[in-house]
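So the sequences go chain by chain: W and U.
Each step along the first sequence adds one to the number in our numbering, with nothing skipped, and position 47 is 47.
Each step along the second sequence adds one to the number in our numbering, with nothing skipped, and position 180 is 180.
Derived from the structure by calculation, the hints contain no laboratory data.
Virtual Cβ for every residue (Gly too), placed ideally from N, Cα, C.
Just so you know, not all the hints are guaranteed correct.
Said to hold, decoys possible - For lysine to aspartate or glutamate, the following EDC-like pairs were computed, each having C-alpha atoms within a straight-line distance of at most 20 Å: (1) U/LYS110 / W/GLU193; (2) U/LYS185 / U/GLU127; (3) U/LYS138 / U/GLU196; (4) U/LYS192 / U/GLU127; (5) W/LYS205 / U/ASP74; (6) U/LYS60 / U/ASP142.
As the list claims (entries may be wrong) - Not the full set, but computed from the structure, chain U residues with beta-carbon under 7 Å of chain W: (7) ASP74; (8) PRO92; (9) PRO103; (10) PHE115; (11) SER117.
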Amino acid sequence: MKTRLAILFLIIFLAVLPAFAGKYLLYVTIHILLLSIFSLGFNLLFGYTGLLSFGQAGFYAVGAYGCAKILLVYPSLLVGILGGVALAGVASLVLGVLCIRHTRIYFSMLTLSFGMMIFSLAWKWRDMTGGDDGLVGIPRAPLEVPGVFKINMAAMESYYYVVLGLSLLAIYLFQRIIRSPLGLTLQGIRDSETRAACVGVSVRKYRLLSFTIAGLYAGLAGALLPPLESTVTPPVAHWSHSAEPVLATLLGGIYTFAGPIVGSVLFYLLKDIIVRFTEYWLICLGVIVVVLVMGFRGGVVSIFLKEGSRR
Amino acid sequence: MKEIIRTESLAKYFGKMAAVHEVTLTLQEGLFTSVIGPNGAGKTTLINLLSGYLLPDRGKILFQGNEITRLGPDRRVRMGISRSFQVMNIFPRMTVFQNILLPVLSRLNKTSSAFSSLLSQKEAVGEAEKILGEVWLKDEKDFPAGELSHGDQRLLELGIAVASNPRLCFLDEPSSGMNPIERIKVLELVKKLAAERKTTFIIVEHDMDIVFSLSDWIVVMNRGEVLAEGRPAEIRANREVREIYLGEEI
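All chains should be built: construct the whole structure from the sequences, respecting the hints.
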């Protein structure tokens, strides 16, 4: 009950935020929401299926570049976002078939390599991606369903609500998934792959499903980026960007539903604060993560949960 | 009597070592069968081959007349073959109840249901609770499985193995690490489950007293081969069997 009330307050707070927040705060909040979606998807693979991916930025980039290319040709926000998500889904399905054949460090290395392959594509395929200049001048196209409605997105507030709505939807769906039979099956695979196979679970099929869902979430986060920034550049595909959901999830807690979200907030705020003092912000953040991992294995969220109610 | 599983010249090599060598064996439905033999005889490898955990290098396996030689473990579970493991193999981070629920959901083909809540799966929940009662773990329902005592974890493994409602179930040392009294209790439970659920159990067991008092049929393995098989009395009288057990009283 308490949790529900807290969630309700949080949603109301986020909904009225544009009334008193300035542009910068909205911009930061959007980024935190994107990182939350990105990290949630990553944690379906990591915390719930037991696969540590270092290549999620690749699918984020497919979503971002996909959405950007569509918006440059056909300025409709809905088409751009859906197109970006779909492309990321296809990419993760195809690469997933190759990656999920292995587990543990081998899986991590494979995802790292494929992620960096996507980075090289973004960097070298000038005609398509604009190379190191990236894609520029991406319009924040109106949200429209032809003949039904058309909402202008020029104001940051309007776009903020689109991102907020989609984030809440993604978070809600995620919560449904992890509490469903599918979620239990993935946790079974995480706990013991052999035991899961020996109760009739097709381990590869469900790993691929988990990988694809994680790819769709990364794609959604990515697709929401270009309308905000109006540019996309290769660093979004870089492995150091893949590390962001890893760190955010470790900060927040891997075996909890809210861990990646709480972690994303902390990660972004810490980064934002530390960057003001030093460009070596990653070193400082690294120290904080090390302390947390050594002291509180379950992340920040677990500190607030009683031992027995951990999920 | 009906055959439930049969092997033809089954072989598995680890390097040059023949873990299982030319095993041709027919096991009957409804017979409580024990596989015995000294360490390294190939008992666990045989079970790994029959349950699909390992694939054989040569030979054939037929389950109720259908060839299953190259099928993976998940496919075999769906056909009605399940197993437990020698080394504890449960889902430690999940609750005891969830440990049993997963195989039930899998049998009911519900594992890909992505948006319904677990408790809305009424049929599966009901069955899982019933099985928890059968293996005496009702009170531990909401415990994380990894925090159970060793004995209870072995019971849970048994519960997971029967939760997929198998026709044929392999138990690899179901009572390992238990004291003699617990052992008898667990194996009597297995016998009871065999009768109630119409499941044929094939067990690997080291405690000879239990094996000879509970089994209907005994298969003796040595150095990867089947040395003898028969009713307990026949095996007890077999000279070769006595020799590999170094004259131990059996």
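Hint check:
1. U/LYS110 / W/GLU193: The hint holds at about 18 Å.
2. U/LYS185 / U/GLU127: Judged against 20 Å, a Cα distance of about 23 Å means the pair is violated.
3. U/LYS138 / U/GLU196: With a Cα-Cα distance of about 19 Å, the restraint between U/LYS138 and U/GLU196 holds, given a limit of 20 Å.
4. U/LYS192 / U/GLU127: The given pair, whose Cα atoms are some 18 Å apart, holds under the 20 Å limit.
5. W/LYS205 / U/ASP74: holds, 11 Å
6. U/LYS60 / U/ASP142: violated, 42 Å
7. ASP74: holds, 5 Å
8. PRO92: holds, 6 Å
9. PRO103: Holds - the Cβ of U/PRO103 comes within 7 Å of chain W, reaching about 4 Å at its closest.
10. PHE115: holds, 5 Å
11. SER117: Holds: closest Cβ of chain W sits about 5 Å from U/SER117, inside 7 Å.
Hint compliance for this structure: hints 2 and 6 are broken, all remaining hints hold.
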